[in-house]
Structures are given as structure tokens and as C-alpha cells.
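Engineer: What the sequence shown shows, in the working numbering, is residues 1 to 100, in sequence order.
It should be emphasised that the hints constitute simulated quantities derived from the structure, not laboratory data.
Derived CB-CB ranges, DEER-like:
no., residue 1, residue 2, range
1, W18, E67, 38 to 46 Å
2, S11, G42, 17 to 25 Å
3, N66, S11, 29 to 37 Å
4, L17, N79, 34 to 42 Å
5, E67, W29, 38 to 46 Å
6, K31, A78, 44 to 52 Å
7, A55, N79, 18 to 26 Å
Virtual Cβ for every residue (Gly too), placed ideally from N, Cα, C.
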Amino acid sequence: MPVAVSTKLNSIMSSFLWGNSQDSSKIHWLKWNQVCKPSNCGGLGVANIVSFNRALLCKWFWHFGNEPEALWRQVVEANQIGKPHNMVPISAENNSSSWI
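Just need the whole structure built from these sequences, with the hints factored in.
Structural biologist: What follows is the structure, given as C-alpha cells:
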């Protein structure tokens, strides 16, 4: 999902939570990051769509790397042959490598 779409969804959820309308804005009593924290950590437990989408993509990349015989992987590979892709490993000095 494009970042602009997930950001807009977070905005819609925020407006619903605080009761904003097109005519007026309400006071946001908590930062959105605080709202998205689990309730046992002092938040409201609302999912942050950007983080949720990133976690699901990481899970799919993990499946892609660990299920070489899966039909869905074979379809993706056949569809993407010769096309540039973003599945390039990156690493920083202080962390393990990750996939983007």
C-alpha cells in the first residue's frame, strides 16, 4: 500500500476518534503515536496503518525467502523476471541486515 494511502487512512481514523468534521477540528488530547500504543503500555491500542502495513510486508518477504517451492512464490517470480525490484538487502553498521 502506498505511504500516502496509509497516511490518509491514519488521518481518517484520527478524525473519527476525535470527532473532527469538515467544518471544525477538535482538540487532540493525545499524540497519534500514544493512541497507537498497546493499552497495557498506556495507549488506546489503535493500529497504526503505516506500521501494520510494514509488518505485513516483512512477513511476506520472510515467507518468500523461506518457501521456495510455494506456488504463489513461483507465480511472483515468473511475473517479475527481468523487472527491477526492491528486494535488495541493506544493512547499517549497528544492526543486522533487513529487506526493503
